[in-house]
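Peer 1: Please build the complete structure, drawing on both the sequences and the hints.
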Amino acid sequence: MNNVSSTQPPTSDAMRLEDESPPRTGSSRLGPQLTRLLLSNEFGLLALIILFSVIFALATPGFTSSFSLFAMGRTAAVNIIIGFSMMVVIVSGGLNLSVGSIGVCVAMAGGWLMQVAGVPWYLGVVGALVLGAMIGALNGIMIVKTGLHSFIITLATMSIFFGVMIFLTQAGSFRELPPEYVQFGRMKINGVVSPLLIVTLLIGVVLSVFFRLTTSGRRLLAAGANPDAAELSGIRVDRTIILCHALSGVLAGIAGLMLVSRTGAAIPSMAGQLGQDWLLPAFLGPVLGGTLLTGGRASVLGTLLGAFLVTLLTTGLLLLQVGAFWVQTCLGLLLLAAVLIDLSRRTYLARHNLI
Amino acid sequence: MIRKVLLGTCMSLVALAGPVSADSSTKVALVPGGPHPYFTAWEQAGMDAAKDFGLASADYKVPQKWELGAQNQLLESLVTQGYNAFLVFPGDPVGTVGIVDELVGTGAVAMALAGCLRDPSEAVFCMGTDTGNSAYLGTQQLLKSLGGGEGRKIAHFTGFLVDANTKLRIDAVEQAATEAGAEVIQVIADIDAPEPAEEKINAYLAAHADEVDGIITTAWVPAVVAANALRKIGDKRIQMVGIDHDEVLLQAVKDGFVHGTMLQNPYGQGYIGSFAANKLREGCTVKADAPFKSNALTDKFIDSGTVFAGIDDVDDYVTSMQSITKTLFESFESTYLDC
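These protein sequence lines are chains Y and E, in that order.
Position one of the first sequence corresponds to residue 0 (numbering that gives the first Met the number 0), numbered consecutively onward.
Position one of the second sequence corresponds to residue 0 (numbering that gives the first Met the number 0), numbered consecutively onward.
By construction, these hints were calculated from the structure, which means they are not laboratory data.
Wrong hints could be hidden among the right ones.
Said to hold, decoys possible - These stretches of chain E come out as covered by chain Y in the derived footprint (C-beta under 8 Å, 3 or more residues):
hint, region
1, 53-66
2, 79-90
3, 96-110
Said to hold, decoys possible - A few chain Y positions that, by computed beta-carbon distances, are all more than 12 Å from chain E:
hint, residue
4, 51
5, 118
6, 204
7, 217
What the hints assert, rightly or not - Now the in silico label distances, taken between C-beta atoms and shown as ranges:
hint, chain 1, residue 1, chain 2, residue 2, range
8, E, 325, Y, 320, 27 to 37 Å
9, Y, 201, E, 24, 35 to 45 Å
10, E, 118, Y, 179, 54 to 64 Å
Every residue, glycine too, gets a C-beta built ideally from N, C-alpha and C.
Peer 2: Next up, the structure:
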């Protein structure tokens, strides 16, 4: 969970793939599989999710109501996808500050295709996602061609994409969308589960397969871990950077289109000014989930759990009626506590020779 | 000063409300789009309404940040907490329609307050300032202070472009200026927050103060920042009309740095809105022939009032706002509701 602070020499940072085993510090009394599980970020996050769920369920009577669970799942679904869209770029050792801006552009394009161009909703979704891939790829191309850090490029394109979108739409919105598309975002499966959450889980599975089992995914991890070594081994690092930004654009677009379905309209303000509202969820999920900011390691499950934990904490704090202006502070403190608890868990295991 | 307004308005409305009715199960949530000084009057309005009308509660609930998602999440949590009446400033006039429809789907009453939802929506009505009209009247006052509009050059400082009201304000200022033969030489938008407002207004005035005869501001923060900037410049040549009742702005009016301000009525919105929500939950319905006004977003609009306060009125503006609130409240039930 606290991988942000784990700095490693460049040489040992290479190829830190998702299935890499943690370092061994002593003789193990547990099986290697169990040891690996206990030491994983994912286990820590899962334990925290269970812990806080129990606390909130006991402290707030409405927490386990079907409406609350449905609303929380739906919010988490979007936050997780936003986290994924940043994760796939962080893996390459870069950043994408324009995820929110791209997400809104795709959402507005989808709204235009469905309302103005009159295409069926599924073609509108596909067309909008193609635009997302193109915008994302444009980011990647500029990064590769200029040699500038992705932070600089995406900081600039964040404003450019959003500005062009505002110019083209005149800050107008699209709300005459196909009813079945809007209904999808409001649908409840068994009164509790949002179909958006199912879509998110499916995308998580696809991303896991991509990073674990496909050549492109492994190349992306390798390029992120050590670009020079990857280049020497025959990997076209520039192509992988363009690929990961295109993928990021698609994922940001999916999040945008989910929000369109959830709100029933494509609106320019859905991600705030310049799409900045998405930046926090975009970073929190991957960072809490154990994705290294230096690149080379992706944790799809960790990102999913990290984003869900943040949504859970926010919902729980709201239900506890913590003063509005204390929610952010409490959220920060709880996240810090979560990191420290995770650290304690690791320390305890090490001291008791459980690893 | 703000406390004076609230206290004065409260005391006068307690008398209007009459005896407290039996305790109601109505739990009202007054939810702005995010933290903003304009909405702080809603807190007192809710408390007064709960006391005067015997509501279970009428609480002011602020999203921790100005984000549509944060507001949606707060509204969903309020449903879980048992709130059954929602007075909502839409985070977005279209984007908030979905969550309001869902709130109504849970059996709650919902209305748009201070800003409207775009029709169609499940909100019973929208009560707020007629923003276009306020900007139009404010510009007229500004041009009057300049001795007429012919050949005058004015600058317009306003709120976020993603807020549909901003376009209405820009158009209204342009219309009033054109009608009087004046020219809007600069519109600076997206500055209803301290940092961008300080940066852009000060930079603009540093470079172009000599070219400007007047300033109209149609959002809270730009009004405060522009008033401070004119005080710093100090020559009182540039006339300005602001908006709302921030103490900085009111003091600038008293000191002659600002010609006047267009007051709005957030207290009345919260108080009367809570009253109406309770009535609707008790079985009243909105009259089919209620005399709603129309604006660019909705055909179910109730103007909560706006009034210009110049140097002669600024000390007594409480009375002006009380008068508007009283008038609206006295006739509200008979005008808009079937009970």
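Peer 1: Look at each hint and say if it fits the structure.
Peer 2: Quick rundown of the hints versus the structure:
no., hint, in the structure
1, 53-66, "holds (count 7)"
2, 79-90, "holds (count 4)"
3, 96-110, "holds (count 6)"
4, 51, "holds (15 Å)"
5, 118, "holds (21 Å)"
6, 204, "holds (25 Å)"
7, 217, "holds (35 Å)"
8, 325/E - 320/Y: 27 to 37 Å, "holds (34 Å)"
9, 201/Y - 24/E: 35 to 45 Å, "holds (42 Å)"
10, 118/E - 179/Y: 54 to 64 Å, "violated (22 Å)"
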